[in-house]
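Work the whole structure out from these sequences, hints included.
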Amino acid sequence: MTVRLGLGTYRCRDVAGAAAMAVRAGADWIDTAPNYAGGQAEQQLALVVPGAPRVKVSTKVGFLTTVTCDRALRAGVVTASEAEDGYCLAPRFIAWQVGRSQRILGREPQTVFLHNPEHGSMSADLKIQRLYEAFGALEQAAQEGRMSAYGIATWSGFSDGLFDVPKLLELAMKAGGRGHHFRAVQLPLSIVNLAPIAQALDGAGVLADAAAAGLDVLASAPLHGGTVREMVTPELAELIRPGSGPSTAGLAVVASAPGVVRVLLSTDNPQHWAQAVAAVEQHPTMSPDRLRKVVDVLGT
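Quick note: the sequence shown, position 272, residue 272 per UniProt numbering, numbers continuous.
Among the clues, some could well be false.
[Stated by the list, open to error] Quick list of simulated restraints, FRET-style, between CB atoms:
| hint | residue 1 | residue 2 | range |
| --- | --- | --- | --- |
| 1 | Ala-75 | Ser-123 | 22 to 30 Å |
| 2 | Arg-229 | Gln-43 | 25 to 33 Å |
| 3 | Pro-284 | Leu-126 | 12 to 20 Å |
| 4 | Pro-234 | Ser-123 | 41 to 49 Å |
| 5 | Gly-26 | Gly-226 | 22 to 30 Å |
| 6 | Glu-84 | Gly-145 | 14 to 22 Å |
| 7 | Ala-75 | Gly-120 | 15 to 23 Å |
| 8 | His-272 | Gly-120 | 31 to 39 Å |
| 9 | Lys-167 | Arg-92 | 23 to 31 Å |
These aren't lab readings, by the way, just hints derived from the structure by calculation. Every value quoted in this text rests on a predicted model; they were computed, and no experiment measured them. Even for Gly, the Cβ is constructed at its ideal location relative to N, Cα and C.
Right under this line is the structure:
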(Lines of atoms letter the chains of each structure in order from A and count residues from 1; the text may use other names and numbers.)
(Lines give C-alpha, C1' and ligand atoms only; values in the text may rest on other atoms or scores of the structure.)
Protein backbone atom coordinates (compact mmCIF):
# COMPACT_ATOMS: atom_id res chain seq x y z
CA MET A 1 0.00 0.00 0.00
CA THR A 2 1.34 3.42 -0.99
CA VAL A 3 1.13 6.10 1.68
CA ARG A 4 0.75 9.69 0.46
CA LEU A 5 1.49 13.03 2.06
CA GLY A 6 -1.38 15.50 2.23
CA LEU A 7 -1.46 19.13 3.27
CA GLY A 8 -3.11 19.81 6.60
CA THR A 9 -4.05 23.44 7.13
CA TYR A 10 -4.67 23.67 10.89
CA ARG A 11 -1.31 25.30 11.65
CA CYS A 12 -0.82 27.15 8.36
CA ARG A 13 -0.65 30.93 8.74
CA ASP A 14 -0.90 31.40 4.97
CA VAL A 15 -3.27 28.71 3.74
CA ALA A 16 -3.31 29.91 0.13
CA GLY A 17 0.48 30.04 0.01
CA ALA A 18 0.83 26.61 1.58
CA ALA A 19 -1.74 25.14 -0.80
CA ALA A 20 -0.05 26.65 -3.85
CA MET A 21 3.30 25.29 -2.69
CA ALA A 22 1.89 21.81 -2.09
CA VAL A 23 0.09 21.74 -5.44
CA ARG A 24 3.27 22.75 -7.27
CA ALA A 25 5.08 19.94 -5.46
CA GLY A 26 2.56 17.34 -6.60
CA ALA A 27 0.24 17.03 -3.59
CA ASP A 28 -3.11 15.45 -4.36
CA TRP A 29 -4.97 16.07 -1.07
CA ILE A 30 -5.63 19.12 1.10
CA ASP A 31 -7.47 18.91 4.41
CA THR A 32 -9.11 21.93 5.99
CA ALA A 33 -12.02 23.12 8.13
CA PRO A 34 -14.24 26.22 8.16
CA ASN A 35 -12.80 27.35 11.51
CA TYR A 36 -9.12 27.13 10.52
CA ALA A 37 -7.04 30.25 9.82
CA GLY A 38 -9.39 32.45 11.80
CA GLY A 39 -12.33 31.19 9.79
CA GLN A 40 -10.72 31.99 6.42
CA ALA A 41 -9.14 28.67 5.45
CA GLU A 42 -11.78 27.63 2.92
CA GLN A 43 -11.82 31.11 1.40
CA GLN A 44 -8.05 31.02 1.01
CA LEU A 45 -8.16 27.55 -0.54
CA ALA A 46 -10.69 28.85 -3.04
CA LEU A 47 -7.88 30.98 -4.49
CA VAL A 48 -5.92 27.84 -5.37
CA VAL A 49 -7.99 24.68 -5.78
CA PRO A 50 -10.16 25.69 -8.76
CA GLY A 51 -7.00 25.56 -10.86
CA ALA A 52 -5.98 22.17 -9.47
CA PRO A 53 -8.75 19.73 -10.40
CA ARG A 54 -6.70 16.63 -9.56
CA VAL A 55 -6.28 17.77 -5.94
CA LYS A 56 -8.96 16.45 -3.61
CA VAL A 57 -10.15 18.58 -0.72
CA SER A 58 -11.58 17.40 2.58
CA THR A 59 -13.26 19.73 5.03
CA LYS A 60 -15.13 19.44 8.31
CA VAL A 61 -18.30 20.41 10.11
CA GLY A 62 -18.85 21.05 13.80
CA PHE A 63 -17.02 24.11 15.10
CA LEU A 64 -18.42 27.58 14.47
CA THR A 65 -16.52 30.83 14.07
CA THR A 66 -18.06 34.15 15.09
CA VAL A 67 -18.97 34.91 11.49
CA THR A 68 -20.44 31.45 10.97
CA CYS A 69 -22.47 31.79 14.17
CA ASP A 70 -23.97 35.08 13.02
CA ARG A 71 -24.88 33.75 9.59
CA ALA A 72 -26.15 30.43 10.92
CA LEU A 73 -28.33 32.20 13.49
CA ARG A 74 -29.82 34.41 10.78
CA ALA A 75 -30.45 31.30 8.67
CA GLY A 76 -32.16 29.60 11.60
CA VAL A 77 -29.90 26.54 11.52
CA VAL A 78 -28.37 26.87 15.00
CA THR A 79 -29.92 27.72 18.34
CA ALA A 80 -28.67 30.44 20.65
CA SER A 81 -27.16 27.82 22.98
CA GLU A 82 -25.38 26.08 20.09
CA ALA A 83 -24.01 29.42 18.94
CA GLU A 84 -22.82 30.19 22.46
CA ASP A 85 -21.09 26.80 22.63
CA GLY A 86 -19.49 27.39 19.24
CA TYR A 87 -20.26 23.85 18.17
CA CYS A 88 -23.12 22.13 16.39
CA LEU A 89 -23.74 18.77 14.73
CA ALA A 90 -27.49 19.17 14.26
CA PRO A 91 -28.66 17.90 10.85
CA ARG A 92 -30.08 21.32 9.93
CA PHE A 93 -26.66 22.92 10.49
CA ILE A 94 -24.73 20.14 8.74
CA ALA A 95 -26.83 20.54 5.59
CA TRP A 96 -26.29 24.30 5.67
CA GLN A 97 -22.54 24.11 6.38
CA VAL A 98 -21.85 21.47 3.72
CA GLY A 99 -23.60 23.65 1.16
CA ARG A 100 -21.69 26.71 2.33
CA SER A 101 -18.34 24.91 2.13
CA GLN A 102 -19.16 23.71 -1.37
CA ARG A 103 -19.99 27.24 -2.49
CA ILE A 104 -16.89 28.77 -0.90
CA LEU A 105 -14.51 26.12 -2.25
CA GLY A 106 -16.15 26.23 -5.67
CA ARG A 107 -16.27 22.46 -5.79
CA GLU A 108 -17.69 19.37 -4.15
CA PRO A 109 -15.55 18.27 -1.19
CA GLN A 110 -14.18 14.78 -1.55
CA THR A 111 -14.81 14.03 2.13
CA VAL A 112 -16.60 15.91 4.90
CA PHE A 113 -15.48 14.94 8.39
CA LEU A 114 -17.48 15.37 11.57
CA HIS A 115 -15.05 17.49 13.56
CA ASN A 116 -14.30 16.12 17.05
CA PRO A 117 -17.75 14.60 17.67
CA GLU A 118 -16.63 13.82 21.21
CA HIS A 119 -16.99 17.55 21.97
CA GLY A 120 -19.39 18.63 24.69
CA SER A 121 -20.55 17.72 28.19
CA MET A 122 -23.55 15.58 27.27
CA SER A 123 -23.65 11.88 28.10
CA ALA A 124 -21.98 9.28 25.91
CA ASP A 125 -25.39 7.92 24.88
CA LEU A 126 -26.52 11.35 23.73
CA LYS A 127 -23.27 11.87 21.82
CA ILE A 128 -23.80 8.57 19.99
CA GLN A 129 -27.38 9.56 19.17
CA ARG A 130 -26.09 12.92 17.91
CA LEU A 131 -23.54 11.06 15.81
CA TYR A 132 -26.21 8.86 14.24
CA GLU A 133 -28.36 11.86 13.35
CA ALA A 134 -25.32 13.61 11.88
CA PHE A 135 -24.54 10.56 9.76
CA GLY A 136 -28.07 10.75 8.40
CA ALA A 137 -27.54 14.36 7.34
CA LEU A 138 -24.23 13.49 5.70
CA GLU A 139 -25.79 10.55 3.87
CA GLN A 140 -28.41 12.88 2.43
CA ALA A 141 -25.76 15.39 1.38
CA ALA A 142 -23.79 12.63 -0.36
CA GLN A 143 -26.89 11.36 -2.13
CA GLU A 144 -27.56 14.90 -3.34
CA GLY A 145 -24.05 15.07 -4.82
CA ARG A 146 -22.74 17.75 -2.45
CA MET A 147 -19.81 15.58 -1.37
CA SER A 148 -18.40 12.19 -2.26
CA ALA A 149 -17.95 10.67 1.20
CA TYR A 150 -17.88 11.42 4.89
CA GLY A 151 -15.91 10.40 7.94
CA ILE A 152 -14.83 11.17 11.47
CA ALA A 153 -11.98 13.54 12.38
CA THR A 154 -11.39 13.05 16.08
CA TRP A 155 -8.78 13.97 18.63
CA SER A 156 -9.88 11.69 21.45
CA GLY A 157 -13.07 9.86 20.46
CA PHE A 158 -11.26 6.58 19.91
CA SER A 159 -8.78 6.88 22.77
CA ASP A 160 -11.49 7.88 25.27
CA GLY A 161 -13.66 4.94 24.24
CA LEU A 162 -16.65 6.96 23.04
CA PHE A 163 -16.72 4.93 19.83
CA ASP A 164 -14.74 2.42 17.82
CA VAL A 165 -14.78 1.52 14.14
CA PRO A 166 -17.40 -1.25 14.51
CA LYS A 167 -19.72 1.22 16.26
CA LEU A 168 -19.22 3.83 13.56
CA LEU A 169 -19.94 1.26 10.86
CA GLU A 170 -23.07 0.21 12.73
CA LEU A 171 -24.28 3.82 12.77
CA ALA A 172 -23.41 4.29 9.09
CA MET A 173 -25.33 1.15 8.14
CA LYS A 174 -28.29 2.33 10.17
CA ALA A 175 -28.17 5.78 8.54
CA GLY A 176 -27.40 4.80 4.96
CA GLY A 177 -27.78 1.06 4.51
CA ARG A 178 -25.22 -1.11 2.76
CA GLY A 179 -24.48 1.65 0.28
CA HIS A 180 -23.50 4.15 2.97
CA HIS A 181 -20.88 6.81 2.27
CA PHE A 182 -18.82 6.48 5.47
CA ARG A 183 -15.31 6.09 4.10
CA ALA A 184 -12.63 7.56 6.35
CA VAL A 185 -11.30 8.25 9.82
CA GLN A 186 -8.82 10.94 10.78
CA LEU A 187 -6.97 10.83 14.08
CA PRO A 188 -3.67 12.02 15.60
CA LEU A 189 -0.80 9.60 15.15
CA SER A 190 2.80 10.28 16.15
CA ILE A 191 5.45 9.05 18.52
CA VAL A 192 3.45 11.05 21.09
CA ASN A 193 0.17 9.33 20.14
CA LEU A 194 1.68 5.89 19.71
CA ALA A 195 -0.96 3.63 21.28
CA PRO A 196 -3.01 3.07 18.07
CA ILE A 197 0.17 2.03 16.24
CA ALA A 198 1.14 -0.39 19.00
CA GLN A 199 -2.35 -1.90 18.94
CA ALA A 200 -2.27 -2.24 15.16
CA LEU A 201 0.95 -4.24 15.32
CA ASP A 202 -1.05 -6.76 17.34
CA GLY A 203 -3.91 -6.68 14.83
CA ALA A 204 -6.21 -4.71 17.12
CA GLY A 205 -7.59 -1.21 17.60
CA VAL A 206 -8.77 1.54 15.30
CA LEU A 207 -6.11 1.12 12.59
CA ALA A 208 -6.63 -2.62 12.23
CA ASP A 209 -10.42 -2.26 12.34
CA ALA A 210 -10.38 0.50 9.73
CA ALA A 211 -8.13 -1.48 7.40
CA ALA A 212 -10.35 -4.55 7.73
CA ALA A 213 -13.38 -2.43 6.85
CA GLY A 214 -11.68 -0.78 3.87
CA LEU A 215 -11.73 2.68 5.43
CA ASP A 216 -9.09 5.27 4.65
CA VAL A 217 -7.02 6.36 7.66
CA LEU A 218 -5.65 9.91 7.60
CA ALA A 219 -3.01 10.62 10.24
CA SER A 220 -3.15 14.13 11.66
CA ALA A 221 -0.60 15.94 13.86
CA PRO A 222 2.28 13.59 12.89
CA LEU A 223 4.81 15.97 14.47
CA HIS A 224 2.48 16.88 17.36
CA GLY A 225 2.99 20.60 16.96
CA GLY A 226 6.78 20.32 17.02
CA THR A 227 6.99 18.09 20.09
CA VAL A 228 8.28 15.18 18.02
CA ARG A 229 11.35 17.14 16.93
CA GLU A 230 12.25 17.62 20.59
CA MET A 231 11.66 13.97 21.49
CA VAL A 232 13.64 12.23 18.76
CA THR A 233 17.25 11.80 19.80
CA PRO A 234 19.98 11.02 17.24
CA GLU A 235 20.00 7.43 18.52
CA LEU A 236 16.24 7.06 18.08
CA ALA A 237 16.38 8.61 14.60
CA GLU A 238 19.08 6.11 13.65
CA LEU A 239 16.93 3.23 14.90
CA ILE A 240 13.91 4.47 12.95
CA ARG A 241 15.66 5.24 9.68
CA PRO A 242 19.45 5.53 9.47
CA GLY A 243 20.57 8.96 8.36
CA SER A 244 17.25 10.68 9.07
CA GLY A 245 16.62 13.77 11.14
CA PRO A 246 14.09 14.10 13.96
CA SER A 247 11.15 15.26 11.83
CA THR A 248 11.65 12.81 8.99
CA ALA A 249 12.12 9.99 11.49
CA GLY A 250 8.87 10.93 13.20
CA LEU A 251 7.05 11.00 9.86
CA ALA A 252 8.52 7.62 8.94
CA VAL A 253 6.96 6.04 12.03
CA VAL A 254 3.51 7.37 11.15
CA ALA A 255 3.81 6.42 7.48
CA SER A 256 4.73 2.88 8.54
CA ALA A 257 1.69 2.45 10.79
CA PRO A 258 -0.53 -0.40 9.55
CA GLY A 259 -3.62 0.92 7.79
CA VAL A 260 -2.52 4.53 7.28
CA VAL A 261 -3.05 5.76 3.71
CA ARG A 262 -2.33 9.46 4.15
CA VAL A 263 -0.22 11.61 6.48
CA LEU A 264 -1.34 15.23 6.88
CA LEU A 265 1.37 17.84 7.44
CA SER A 266 0.94 21.58 7.94
CA THR A 267 3.76 23.59 6.36
CA ASP A 268 4.29 26.32 3.80
CA ASN A 269 8.04 25.67 3.57
CA PRO A 270 8.99 23.99 0.26
CA GLN A 271 12.13 22.42 1.74
CA HIS A 272 10.21 20.94 4.67
CA TRP A 273 7.57 19.63 2.27
CA ALA A 274 10.16 17.98 0.03
CA GLN A 275 11.80 16.33 3.04
CA ALA A 276 8.40 15.10 4.23
CA VAL A 277 7.54 13.68 0.81
CA ALA A 278 10.82 11.77 0.84
CA ALA A 279 10.12 10.45 4.34
CA VAL A 280 6.53 9.41 3.64
CA GLU A 281 6.42 8.45 -0.04
CA GLN A 282 9.88 7.78 -1.40
CA HIS A 283 11.52 5.60 1.25
CA PRO A 284 10.31 2.08 2.05
CA THR A 285 8.11 1.92 5.12
CA MET A 286 9.60 0.40 8.24
CA SER A 287 9.20 -3.32 8.70
CA PRO A 288 6.78 -4.42 11.45
CA ASP A 289 9.74 -5.76 13.44
CA ARG A 290 11.60 -2.44 13.33
CA LEU A 291 8.41 -0.51 14.08
CA ARG A 292 7.79 -2.76 17.08
CA LYS A 293 11.33 -2.04 18.34
CA VAL A 294 10.58 1.67 18.16
CA VAL A 295 7.30 1.17 20.02
CA ASP A 296 9.11 -0.85 22.69
CA VAL A 297 11.77 1.82 23.10
CA LEU A 298 9.24 4.63 23.41
CA GLY A 299 6.54 2.76 25.30
CA THR A 300 2.84 3.60 24.93
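Range agreement (Cβ of Gly-226 with Cβ of Gly-26, hint 22 to 30 Å): Once the Cβ atoms are compared, 25 Å apart, the range 22 to 30 Å for Gly-226 and Gly-26 holds.
Status of the given 31 to 39 Å range, CB of Gly-120 versus CB of His-272: holds (35 Å)
Outcome for the supplied range 25 to 33 Å, where the beta carbon pair is Arg-229 and Gln-43: holds (31 Å)
Range hint 12 to 20 Å (beta carbons of Pro-284 and Leu-126) holds or violated: violated (46 Å)
Ala-75 versus Ser-123 beta-carbon gap, inside 22 to 30 Å or not: holds (29 Å)
Pro-234 paired with Ser-123, Cβ distance criterion 41 to 49 Å: With a Cβ separation near 48 Å, Pro-234 and Ser-123 satisfy 41 to 49 Å, so the hint holds.
Range hint 23 to 31 Å (beta carbons of Lys-167 and Arg-92) holds or violated: Because 24 Å falls inside the window, the suggested range holds.
Gly-120 and Ala-75 - C-beta distance against the hinted 15 to 23 Å: holds (22 Å)
Whether the CB-CB distance between Glu-84 and Gly-145 falls inside 14 to 22 Å: For Glu-84 and Gly-145 the Cβ distance comes to about 33 Å; the hint is violated.
In summary, the numbered hints that this structure violates are 3 and 6.
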